[in-house]
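For the protein sequence lines, the chains are A and B, in the order given. Here the working numbering is used: the first residue of the first sequence is 645, the next is one more, and so on. Here the working numbering is used: the first residue of the second sequence is 2, the next is one more, and so on.
Check the hints yourself; a few may be wrong.
Claimed, not checked - DSS-like, lysine-lysine: derived pairs with alpha carbons at most 30 Å apart: (1) B:587 / B:564; (2) B:626 / A:738; (3) B:626 / A:737.
If you're looking for bench data, these hints aren't it; they were derived computationally from the structure. Just so we're clear, the structure is a prediction, and the values are computed from it rather than from any experiment.
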Amino acid sequence: MELNTILHVEDDESIRVIVEMALVDLFGFTLFSFDNGKDASAAVEGLQPDLILLDAMMPSMDGLQTLAEIRKIPSCQSIPVVFMTARVQQSEKKQYLEAGAVAVIEKPFDAANLGNELLSIYDQCHQGV
Amino acid sequence: MQIPSKPDNEVKRLEALHLIQMLDTPSEPRFDRLTRLAQFSLKSDIVLISLVDEDRQWFKSRQGLAVCQTDRDISFCGHAILSDNILEISDTLQDERFADNPLVVGEPSIRFYAGVPLKYDGQAVGTLCFLGRQPRVLSVEEREIAFEFARAVEQEIEDRLQEYVHDKLLISEQMYRSVLDGTRIGTWQWNIQTGETIFNERWANIIGYQLDELKPISIETWLSFAHQDDLAESGRLLEEHFNGLSAFYDHKCRMKHKNGHYVWVHDRGQVVSWTEDGKPLMMYGTHADISEQMNAEMSLLESRDQFRTLVANIPGITYRCKADESWTMLFMSGHIDPLSGYPSSDFIGNAVRTYSSVIHPEDRARLEHSIEVALNDKSSWLLHYRIIHADGSIRWVEERGAAEYNDVGQVLYLNGFILDVSNEKKLQERLIKLTQQLPGMVYQFQLWPNGHSAFPYASVAIKSIYGVTPDDVIDDASAAFSRIHADDLDAIIQSIEVSREHQTVWQDEYRVHREDQSIMWLSGNATPEKMPDGSTLWHGYIQDITQTKEYYLTLEKLNQQLKVAQQSLDLASEQAQIGYWKISLKHGSLWWSPIIYQILGFNSEDIQPSLSLFKSMIHPDDVKKVEQGQEQARESGIYNMVHRIIRSDGEIRWVHELSQFVPEEKNPELIMVGSVQDITERMRLQKMKEAFIATVSHELRTPLTSISGALNLLQSGELASLSEKSAKLLNIASNNCNQLIHLISDLLDIEKLVAGKMSFEMRETNIRSVLQRSIHDHQLYLGGKSVRFALNIAECIDEISILIDEHRLMQILANLLSNAVKYSPNEGMVTLSAQKIADYIELSVEDEGEGVPEEFRSRIFQRFSQADTSTSKMKGGTGLGLALCKELVEAMGGTIGYTSNKTSGARFYLHLPIPVTS
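Next up, chain A with everything else stripped away, as it sits in the complex (with noise of 0.2 Å):
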């Protein structure tokens, strides 16, 4: 298995842009990106992504509601979910993994080495598996 669609979902424009050139132009990553929750999950069946990078909080559909969405369609139930978060607090990180992300990336983050970052994630997911 190998890491090649990356699905994303981010209020924040500038973020999704700066993600989109840290995974697209620098790893050439598939990448999706949504500005909410609710289009994610309408569209993640049809896209089967290899992993899906989760803002926390967003407006009116936040992180754990998009992923309890997302898990609620039987094929995207194994797919690998990465919190992102502004508000890192230990008992914060442990809610997100209790939900059932494989793991947590602080905001700010470092765009250079995001791409990186997702790769050893995806590979120890699988690895666990």
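Given the coordinates of chain A, work out where chain B should sit on it, guided by the hints.
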């Protein structure tokens, strides 16, 4: 005819004759056998054993003759005994001594006579004689035979006598034995060489047996009954006797009775015969039962021992001494030793010292005088005096004694009892001293029915109370009473009278005039006691309470002030919206202060305070929390709870409840008080603050994420190549961006820590890897500065785990390392060390910078402090780092500190406790 003459030794001869005890005894075969044999051998007509008595000759044995005696005057034998040799008359008719002898001329017509003297014990007691009716001459051989027969007769006489004595002995022995058997004495005979032993019946009876029961009897019989402990002594005494060292074997020993107990036996004996080679052979002895005697002796000894023990255990000294000048001790019990330091043997008989030598010289004369007076009066004495101990210390003793007199009234002995009363004496002295130390006076006051009064005892403090000495009032109390304030005198007389009449404790407060006429307040307290003479004696204490009175007045004032303060508090509580309540758990009565009604939205006139009412108002979501808090309060005694209530008008309010329960033993009414504060406003602000921080956290970080992400990507150079200047600018932007990120993180952390909302994940952690990672991570972010790192970890650290949140420790170390780097000179060295000190681990970060400036030291761990503003511009940093480190370390149970000097730089250290189990 010739009458035989009497020999010179006639008296002795007759003694010997009587000694053989044969006269007038029946004939005996032993002699008759010999005479018959002699008659046959010498073919003699008549053979006689003739015993020559004083006036006659009597024939013990006769052959051929009928008569048994004849007169000595006509006897042949009377002649024969005069010589040691044989008297032979060949023809009696031819011998003028016998020719006309009636025994010759008449029957039995003796013509021949030969008589051989029979000797006993050297005396001729008679003859063996041969008589014939025809003349005859004995041949030499026949004479020899006659002699031989005579010797045989002598032997028979000897033997017969032996047997006779033996028989007699036997009789007497039997007699003695029956005498002995009649007494309580046992006898024994012991053949020492064979062990053969004979006991009598009585011997067996002493130990409860019949002699037959003990058979076969030998020395083993005795050995088996004797007490094992007495055998050694018995053996020793026997040996002594056998060796001729004692005339008798004499031993008192125990024998086991048939019934199992032991009887005391007095064993006496003597060796009566010895073997040829001088060994003891036969020993005869007696056994006497002396149990009763011994028991009496033992009980005497026992009672003497008892007396000794008694005397030894009496905690004093008993003595008896002569009534001489130096009181020579005859007896003195051992307790003199601890008292004087000398053993009693020193004193007895004045062996080493006299008793008076240990008496204090100052007391001696007084003592002698007192005893002399007592002796003259024939009374006893009771004395107190001092003994000088061997170690030089002084002991007080009390001696009671009396003399013993003889019939004419002369003193025989002095007997007495001496008791160490040093402690009592000390106590007494201490008591007197103590009384002197008391600020008030201790006294006895006596009042007689006639109204007279006195102070039989008053401590010296009476001077400061009434201005008189104890002697001034010992017989008359009026001098003291004259000092009492005129306004109080009647009341005092009254209260004394009440106390006397009802025998109740007297208690009063009153005034007296000091000598300088100033007023002194007194408080008195005394217990009355009825005396036999109808008077009443009070024992009491009076003290100066002037000062207390003043305190009391001051207290009154303070109380007044307190009331004012209370009013202010009420006012304040109203402003702070703090209400109070009070409940008596015993009576169930509850009281609310007006503010509580206000908080709850009630009108105080309409509502009766009740617990159930308050409970019903608690917000449903908080009910559980409140119940838990109350549960805890039952254990801790403190109830501290913030919760919501829903007022009757539907409004939700936050309240802070605080109450404390005073334990039952100090709070018999079970009263509980508490406060209720309306903190709705505070809670609203708190919520706002939290929301604000959350917003700051998110809203600030989101744009920062974009900025730092963008800078990152540009800096990576992967998207576009950069000119040197662009790179430099990007670097500046990136550094400042990072600083801003850190500032926000630190700020949020501090807020969380202070609000107690920071959670720690404490785990047992080995420090080495944490330190290594800290160094490693830091090297990545040096920001172009050239600094060397050293890691210096003591070996023992690997064996120790400490309880920390690894992530937070990394955060602290990162802060310290970043500071060290910041203040290091170029090419400086930063050393991170770990070592164990006592029960904690010390981690330290040391740099080679300029150290911590003096003026900065006092506020180094405060927030937003930095060495100076100019350096802050130069070095960067938020000024929050060390404050955050301090909060974090302390939250994990550790401490932080530093040492610093100008030349060697600063050294910051953490002390982290090692868990006890580690």
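Comparing the hints with the structure gives:
1. B:587 / B:564: Holds: residue 587 of chain B and residue 564 of chain B sit about 28 Å apart, inside 30 Å.
2. B:626 / A:738: 25 Å, holds
3. B:626 / A:737: 27 Å, holds
Of the hints listed earlier, there is not a single one the structure fails to meet.
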